[in-house]
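Protein sequence lines correspond, in order, to chains A and B.
Positions in the first sequence are counted from 1; adding 11 to them yields our numbering.
Positions in the second sequence are counted from 1; adding 11 to them yields our numbering.
Hints are not guaranteed to be accurate.
Simulated coverage check for chain A against chain B, where a stretch passes if three residues somewhere in it have a Cβ under 8 Å from a Cβ of chain B [said to hold, decoys possible]: (1) 14–21; (2) 24–30; (3) 112–124.
Derived from the structure by calculation, the hints contain no laboratory data.
Where a beta carbon is used, it is the ideal one built from N, C-alpha and C, also for glycine.
Residues per chain are reported as follows:
There are 2 protein chains.
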Amino acid sequence: MSNRPAAEMSLREYLDRLAAKEPVPGGGSASALVGAVSAALGSMVANFTVGREKFAAVEENMRQVLEALEVERRALTNLVQADMDAYGQVSAAYKMPKDDPTREETLQTALKAAASVPLEIVQRCLAVLRLLPELVEKGNPNLLSDVGVAAVCAEAGLKGGWLNVEINLAHLADEQYVASVKEALEACLGEAEALTRKLWQVTVDRGV
Amino acid sequence: MSNRPAAEMSLREYLDRLAAKEPVPGGGSASALVGAVSAALGSMVANFTVGREKFAAVEENMRQVLEALEVERRALTNLVQADMDAYGQVSAAYKMPKDDPTREETLQTALKAAASVPLEIVQRCLAVLRLLPELVEKGNPNLLSDVGVAAVCAEAGLKGGWLNVEINLAHLADEQYVASVKEALEACLGEAEALTRKLWQVTVDRGV
Numbered sequence: 012m013s014n015r016p017a018a019e020m021s022l023r024e025y026l027d028r029l030a031a032k033e034p035v036p037g038g039g040s041a042s043a044l045v046g047a048v049s050a051a052l053g054s055m056v057a058n059f060t061v062g063r064e065k066f067a068a069v070e071e072n073m074r075q076v077l078e079a080l081e082v083e084r085r086a087l088t089n090l091v092q093a094d095m096d097a098y099g100q101v102s103a104a105y106k107m108p109k110d111d112p113t114r115e116e117t118l119q120t121a122l123k124a125a126a127s128v129p130l131e132i133v134q135r136c137l138a139v140l141r142l143l144p145e146l147v148e149k150g151n152p153n154l155l156s157d158v159g160v161a162a163v164c165a166e167a168g169l170k171g172g173w174l175n176v177e178i179n180l181a182h183l184a185d186e187q188y189v190a191s192v193k194e195a196l197e198a199c200l201g202e203a204e205a206l207t208r209k210l211w212q213v214t215v216d217r218g219v
Numbered sequence: 012m013s014n015r016p017a018a019e020m021s022l023r024e025y026l027d028r029l030a031a032k033e034p035v036p037g038g039g040s041a042s043a044l045v046g047a048v049s050a051a052l053g054s055m056v057a058n059f060t061v062g063r064e065k066f067a068a069v070e071e072n073m074r075q076v077l078e079a080l081e082v083e084r085r086a087l088t089n090l091v092q093a094d095m096d097a098y099g100q101v102s103a104a105y106k107m108p109k110d111d112p113t114r115e116e117t118l119q120t121a122l123k124a125a126a127s128v129p130l131e132i133v134q135r136c137l138a139v140l141r142l143l144p145e146l147v148e149k150g151n152p153n154l155l156s157d158v159g160v161a162a163v164c165a166e167a168g169l170k171g172g173w174l175n176v177e178i179n180l181a182h183l184a185d186e187q188y189v190a191s192v193k194e195a196l197e198a199c200l201g202e203a204e205a206l207t208r209k210l211w212q213v214t215v216d217r218g219v
């Protein structure tokens, strides 16, 4: 097993490590990858739209969408590794001697950090989903099916991230923080499901 | 851009190529990757279950599930590249001289092959989904959230594959083949949605 960052692993190596009897990478990291796949598919559609006479009227708009999608893709790609690192911190805190007076605080800090990573995955997948309707309306229609695939992947990444925030919240003592995160999550999930349903339907209705 | 098979590309390179203004890899290939992620997550859960005293009663069953998931993972990993290759065949057929008497037959053969790849993605994602309820019931409960992530990823891979079968069917002349594939797809989609809904609910209900 190599120690290079996840983004530099081959698909095969990453999948082998995901399947292995090792806690990381796990569902959080995988959710970030699926989110990055979604952003990349959106970028492909935008890349097949910009710089073409036929789509000149939406050129500036599509460039902005592309730029925004690339920001999300870079962030989500980094989160594939960040989720693995955050787990390492939690695991190290649990291994501290039980009578160490700094143990509980170290653990709580690590858990908050470990919850914040999948929370960012959720938020960035939602950001991708919010950009997709513009690709449906103004993007190259030959790639409509790729927007549809991007939508279902973004939803999967978001829901996967959501489950991984919940795991870390379960052991957090700061009730106010837990309540505020749960509220933010609920809103994200509802909006994501509605957006995905709409994007999926339009993709299917137009006969792909 | 390298010519090595997709599974040997780094995550970063694959995502860069997915986002690029190149037809492949596209949504079909990405769907296979997301399906492979799903199978790998299922395998992780099974790997944390087998060989442990605590789960001795389900050892044989979990070993079978693990073996089946690994078959699906290997196949889906290969389909990441196979979808790219199938597109190449269709593209080459379209570029044949219009007056070549073998053009139409070559094109139809290429389109059928190009439809059969995402059809296999759909079927293999469904096979993964069908294995997940056993992991919920008998697998290591500490990894329940990973089963939930696997479920949403399998559904995304299946729906992404579905859209990519449809694209290729649109240009196929063999109406009987088209009708039979569409019928098979409808059944897969309905079963997958029902399975995913159930798996998601059980994951959320048990507080992850």
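Do the hints match the structure? See the list:
{"no.": "1", "hint": "14–21", "result": "holds (count 5)"}
{"no.": "2", "hint": "24–30", "result": "holds (count 5)"}
{"no.": "3", "hint": "112–124", "result": "violated (count 0)"}
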